[in-house]
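Make the full structure from the sequences, and use the hints.
Protein chains: 2
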Amino acid sequence: MAGIHTLSETERQVSVLLKNLPIDFDSMAVVSNLFRAANAVKNHLERTVLAPHDLSWTGFVVLWVVWIWQPIETRQIAAEVGTSKASITGVLKTLEARKLVIRKQSKTDQRLVLVTLTKSGEKLMKELFPEFNQEESTITSVLAKSEIKSTATSLRKITEITQQS
Amino acid sequence: MAGIHTLSETERQVSVLLKNLPIDFDSMAVVSNLFRAANAVKNHLERTVLAPHDLSWTGFVVLWVVWIWQPIETRQIAAEVGTSKASITGVLKTLEARKLVIRKQSKTDQRLVLVTLTKSGEKLMKELFPEFNQEESTITSVLAKSEIKSTATSLRKITEITQQS
DNA sequence: CACCAATCGTTAGGACTCAAACAATCTAAT
DNA sequence: ATTAGATTGTTTGAGTCCTAACGATTGGTG
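For the protein sequence lines, the chains are A and B, in the order given.
Per the numbering used here, the first sequence starts with residue 16, numbered consecutively.
Per the numbering used here, the second sequence starts with residue 16, numbered consecutively.
Take the hints with a grain of salt, since some may be wrong.
Which copy is meant is left open, so a pair is good if it fits within one copy or across any two.
[Stated by the list, open to error] Computed cross-link-like contacts, BS3-like style, restricted to lysine-lysine with a CA-CA straight-line distance of at most 25 angstroms:
hint: 1; residue 1: K122; residue 2: K134
hint: 2; residue 1: K108; residue 2: K134
hint: 3; residue 1: K34; residue 2: K141
hint: 4; residue 1: K134; residue 2: K172
hint: 5; residue 1: K134; residue 2: K34
hint: 6; residue 1: K119; residue 2: K57
hint: 7; residue 1: K138; residue 2: K34
hint: 8; residue 1: K100; residue 2: K122
hint: 9; residue 1: K119; residue 2: K172
hint: 10; residue 1: K172; residue 2: K108
Simulated from the structure, these hints should not be mistaken for laboratory data.
This is the structure in structure tokens:
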């Protein structure tokens, strides 16, 4: 379902195009596989878990963050999710239209907007997250227990080095 | 710069919300770190390598695929990049407006559109890809050589199991 | 030869992404 | 007390993402 060409075919072609330049193919493979994996997992979870509940990936992630940390401010949602405040504003508008979340202005600081789940939002998450986690288990079942730990560690290292610049 | 809460804080909170349900936190950590890493790496590369050339992530990826496999059909670009044909149409329109790619109708099959790089497109990629790969090296330098191999392998396994359903 | 089904790229509409600019609000310094 | 600066959430505009529907083209079959 992915590309027609394999990674090694691609590497050979890059070598042809950049004859004399030294290319770090091992690093290229890590980064390339990182995005392939993230995309594949995202698509898989959207189809198997989220689509039956008519929920988008971002919608679910925002719902999840609110579920865990409610009441939570918009800026904090953005920080947890890893996107901009502007994006969160749009997603919240969608979720609010579906009666899954509620926006309320803070009394101590009127600039802040506090977000909480509605009753049906809570019900949805209590049902949805175990399904989601079940599928996460299925996905990682291709890895040995030690691989699961080491992969998580490697990914965390990559995240850390990448963020501090 | 990411979330305020750590992963273990999140796990504790999930335990509180789902008291009696068994949750696979190790798998959750892998999936969570997968998306954090992909996002962080993407943002990092956009800022350090792509932004100076006024290029978006998707724009670069499409340019890269065309550079390697030109002349290439629209449907093949979509397959390599991992998105829909419709998305590619939009991105190509942007890239064509910047005079980086050329669209040309196939003579043997008039339904097909063949895409190639312009001179300036080729010049850009010959300059840009080594920079990009250099940064990939920097990112993976937090990992030992054996970790680089095993991480790439684990990610490939995840991609494969996830795609076949 | 004429039709039918498959396939190509494009368009339409809705959701999400960002950066930049904005009004409202709070805080700190004078 | 008042002004200046910082911060919050929102809006705007351009770009990207998807699915679904569309016209154009092709190939096979009756």
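Outcome of the hint check:
| no. | hint | verdict |
| --- | --- | --- |
| 1 | K122 - K134 | within (23 angstroms within a copy, 60 angstroms between copies) |
| 2 | K108 - K134 | within (17 angstroms within a copy, 45 angstroms between copies) |
| 3 | K34 - K141 | between (56 angstroms within a copy, 11 angstroms between copies) |
| 4 | K134 - K172 | neither (38 angstroms within a copy, 39 angstroms between copies) |
| 5 | K134 - K34 | between (62 angstroms within a copy, 18 angstroms between copies) |
| 6 | K119 - K57 | neither (31 angstroms within a copy, 33 angstroms between copies) |
| 7 | K138 - K34 | between (59 angstroms within a copy, 15 angstroms between copies) |
| 8 | K100 - K122 | within (20 angstroms within a copy, 49 angstroms between copies) |
| 9 | K119 - K172 | neither (37 angstroms within a copy, 44 angstroms between copies) |
| 10 | K172 - K108 | neither (35 angstroms within a copy, 37 angstroms between copies) |
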